[in-house]
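**Student:** Sequence order for the protein chains is A and B.
Just so we're aligned, residue 1 is where the first sequence starts under the working numbering, counting upward by one.
Just so we're aligned, residue 1 is where the second sequence starts under the working numbering, counting upward by one.
Please note that a few of the clues may not be correct.
Stated by the list, open to error - Simulated crosslink set (DSS-like; lysine-lysine; CA at most 30 Å straight-line): (1) A:K160 with B:K61; (2) A:K167 with A:K144; (3) A:K25 with A:K48; (4) A:K48 with B:K105; (5) A:K159 with B:K38; (6) A:K147 with B:K90; (7) B:K38 with A:K41; (8) B:K105 with A:K41; (9) A:K31 with B:K6; (10) B:K14 with A:K34; (11) A:K167 with B:K102; (12) A:K8 with A:K31; (13) A:K160 with B:K6; (14) B:K6 with A:K34; (15) A:K48 with B:K38; (16) B:K93 with B:K74; (17) A:K41 with B:K89; (18) A:K34 with B:K105; (19) A:K160 with B:K38; (20) A:K144 with A:K130; (21) B:K89 with A:K147; (22) A:K41 with B:K6; (23) A:K264 with A:K22.
Stated by the list, open to error - Some chain B residues judged to face chain A by a derived CB distance under 7 Å, without partners named: (24) S15; (25) L17; (26) S18; (27) K19; (28) S23; (29) G32; (30) D33; (31) I41; (32) L51; (33) L55; (34) E72; (35) N76; (36) N84.
Note that these hints are calculated values from the structure, not bench results.
Cβ atoms here follow ideal geometry from the backbone N, Cα and C, with glycine treated the same way.
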Amino acid sequence: MPSLDDLKKRITSVKSTQKITKAMKMVAAAKLRKAQENAEKGRPYSEKMNNIILNLSSSITDKENAPKLLAGTGNEKVHLCIVLTADRGLCGGFNTNIVKKAKYFFEKIKIEGKILKIITVGSKGYDQLKRNYGNQIVEKISFKDSKVASYLDAEIVGKKIIQLFEKNEFDVCTIFYNQFKNVITQIPQEQQIIPLKSNEVKKNSAEDNYDFEPEEDEILSNLLPKNISTQIFKAMLENSASEQGSRMSAMDNATRNAGELVDKLTINYNRSRQAAITKELIEIISGAESL
Amino acid sequence: MSNGFKLEIVNPEKSFLSKNDVSEVVVPAFEGDMGILKDHISIISFLRPGLVKVLDQTANKETYYVEDGIIEFKNNCLSILTSNIFDIKKIDKNNVRDILAKAEKDGQNPNISDQAKYLIDHKIEVLKSLALN
Numbered sequence: 001m002p003s004l005d006d007l008k009k010r011i012t013s014v015k016s017t018q019k020i021t022k023a024m025k026m027v028a029a030a031k032l033r034k035a036q037e038n039a040e041k042g043r044p045y046s047e048k049m050n051n052i053i054l055n056l057s058s059s060i061t062d063k064e065n066a067p068k069l070l071a072g073t074g075n076e077k078v079h080l081c082i083v084l085t086a087d088r089g090l091c092g093g094f095n096t097n098i099v100k101k102a103k104y105f106f107e108k109i110k111i112e113g114k115i116l117k118i119i120t121v122g123s124k125g126y127d128q129l130k131r132n133y134g135n136q137i138v139e140k141i142s143f144k145d146s147k148v149a150s151y152l153d154a155e156i157v158g159k160k161i162i163q164l165f166e167k168n169e170f171d172v173c174t175i176f177y178n179q180f181k182n183v184i185t186q187i188p189q190e191q192q193i194i195p196l197k198s199n200e201v202k203k204n205s206a207e208d209n210y211d212f213e214p215e216e217d218e219i220l221s222n223l224l225p226k227n228i229s230t231q232i233f234k235a236m237l238e239n240s241a242s243e244q245g246s247r248m249s250a251m252d253n254a255t256r257n258a259g260e261l262v263d264k265l266t267i268n269y270n271r272s273r274q275a276a277i278t279k280e281l282i283e284i285i286s287g288a289e290s291l
Numbered sequence: 001m002s003n004g005f006k007l008e009i010v011n012p013e014k015s016f017l018s019k020n021d022v023s024e025v026v027v028p029a030f031e032g033d034m035g036i037l038k039d040h041i042s043i044i045s046f047l048r049p050g051l052v053k054v055l056d057q058t059a060n061k062e063t064y065y066v067e068d069g070i071i072e073f074k075n076n077c078l079s080i081l082t083s084n085i086f087d088i089k090k091i092d093k094n095n096v097r098d099i100l101a102k103a104e105k106d107g108q109n110p111n112i113s114d115q116a117k118y119l120i121d122h123k124i125e126v127l128k129s130l131a132l133n
């Protein structure tokens with residue numbers, strides 16, 4: 001049985017933890033609103049970009065000579081995986097979920113006997129992957145200093161990927177990130193960005209006849225690298241909204257748990273206090289009786 | 001029936017500008033400046049560094065500096081996607097000089113491709129005219 005003093009100390013300690021988690025929740029909520037706004041604002045750009053690329057690629061008739069970023073290198077030997085995570089912890093299962101998804105994919109690639117290369121963006125992903133996949137990590141990027149996801153950061157990552165691609169370092173590139181659905185739900189996603197996979201089957205109607213200036217393939221070869229950066233930027237925006245959302249619900253849970261713990265400890269504390277008083281009373285009474 | 005069309009300028013972070021009724025937009029397309037009026041044929045093109053001029057119905061002119069981008073015109077709606085755009089009225093002269101100095105430095109690099117050289121030359125030219133005004 002812990003003494004009254006111990007219980008008191010524990011109650012204060014849990015209470016101060018609760019204060020911290022509550023503050024973190026508030027901060028996450030404020031940041032979440034901002035991140036969500038940013039994610040929504042960024043959507044038109046990536047959507048339009050996607051549309052244009054779809055239009056362009058559907059009008060390219062000569063698939064053989066299409067830019068490699070679109071059509072692929074013809075092999076599927078070397079896979080490059082970009083794992084986008086947060087730089088901070090204490091956000092529930094956010095980082096673990098992405099890493100879990102990525103690891104599952106890595107194992108699949110290994111079983112198929114293909115070569116795996118990893119780039120981690122965000123330090124938490126690196127921390128979780130370095131033990132098992134340390135040798136496969138070719139690059140780790142972290143944007144700890146920038147508070148909001150900016151396009152420039154995404155461009156840095158995009159350029160790195162394209163540089164590697166031009167050196168024929170890989171054939172297929174996949175990115176992993178969390179898609180923000182709502183505060184409680186974030187869905188880990190894998191998305192193949194090189195070669196570009198368009199799930200939508202585009203029908204070539206008469207209205208879609210565009211004039212191209214310069215030629216289609218020239219526009220495409222200019223556009224596709226930009227699209228890589230855009231996709232990464234989109235993933236980063238979704239990720240930052242997800243991170244804040246996940247942290248908010250995690251901290252909300254923590255605050256609630258701390259509250260429950262405080263209640264339980266207070267009851268314990270009161271009981272032991274009462275017991276001590278009763279004990280003292282009995283001692284006095286039995287002392288008086290024996291006189 | 002008005003003879004205006006819709007203009008949307010989007011950058012990765014947000015929607016930069018959206019106007020419902022513009023009468024003419026001049027964009028610095030890769031192969032030369034291109035003026036777009038209502039009922040232009042559907043077109044996709046990309047931009048080199050230069051000035052985007054927007055004229056609305058009252059012949060008010062707004063000018064923006066862009067560094068790169070893609071334009072799409074379809075059904076009387078012009079979308080400009082760009083990662084770098086400034087309103088030249090709000091632009092800071094010192095900022096222009098900084099970008100100019102960097103562009104000039106890049107231009108001296110002998111290892112760049114002809115296309116990159118072409119883009120940088122245009123950039124320097126436009127920035128110089130901006131810095132002088």
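**Student:** Taking 30 Å as the top limit, are the C-alpha atoms of A:K167 and A:K144 close enough?
**Tutor:** holds, 28 Å
**Student:** Hint check: A:K167 vs B:K102, CA-CA at most 30 Å. Holds or violated?
**Tutor:** Holds - the C-alpha atoms of B:K102 and A:K167 are around 27 Å apart, at most 30 Å.
**Student:** Does the nearest C-beta of chain A fall within a distance shorter than 7 Å of the C-beta of B:S18?
**Tutor:** violated, 10 Å
**Student:** Was the hint right that B:G32 lines chain A, CB cutoff 7 Å?
**Tutor:** Interface hint status for B:G32: violated (9 Å vs cutoff 7 Å).
**Student:** Assess, step by step, whether the Cα of B:K105 is no farther than 30 Å from the Cα of A:K41, and give holds or violated.
**Tutor:** violated, 34 Å
**Student:** Let's test the interface hint: is any C-beta of chain A closer than 7 Å to that of B:K19?
**Tutor:** Status violated, d = 15 Å.
**Student:** CA of A:K264 to CA of A:K22, is that 30 Å or under?
**Tutor:** The hint holds at about 19 Å.
**Student:** Between B:K6 and A:K34, is the straight-line Cα distance small enough, at 30 Å or below?
**Tutor:** Holds - the C-alpha atoms of A:K34 and B:K6 are around 29 Å apart, at most 30 Å.
**Student:** Between A:K25 and A:K48, does the CA-CA distance stay at or below 30 Å?
**Tutor:** violated, 35 Å
**Student:** For the hint on B:N84, does the least C-beta distance to chain A fall short of 7 Å?
**Tutor:** Given a least distance of 9 Å, the restraint on B:N84 is violated.
**Student:** Can you verify the interface hint for B:L55: is its Cβ closer than 7 Å to any Cβ in chain A?
**Tutor:** Not OK, violated: B:L55 not within 7 Å of chain A, min 21 Å.
**Student:** Quickly compare the C-alpha distance for A:K48 and B:K105 to 30 Å and report which way the hint goes.
**Tutor:** Violated, at about 33 Å.
When the structure is compared with the earlier hints, violations turn up for hints 1, 3, 4, 5, 8, 9, 12, 13, 16, 18, 19, 25, 26, 27, 28, 29, 30, 32, 33, 35 and 36 and for no others.
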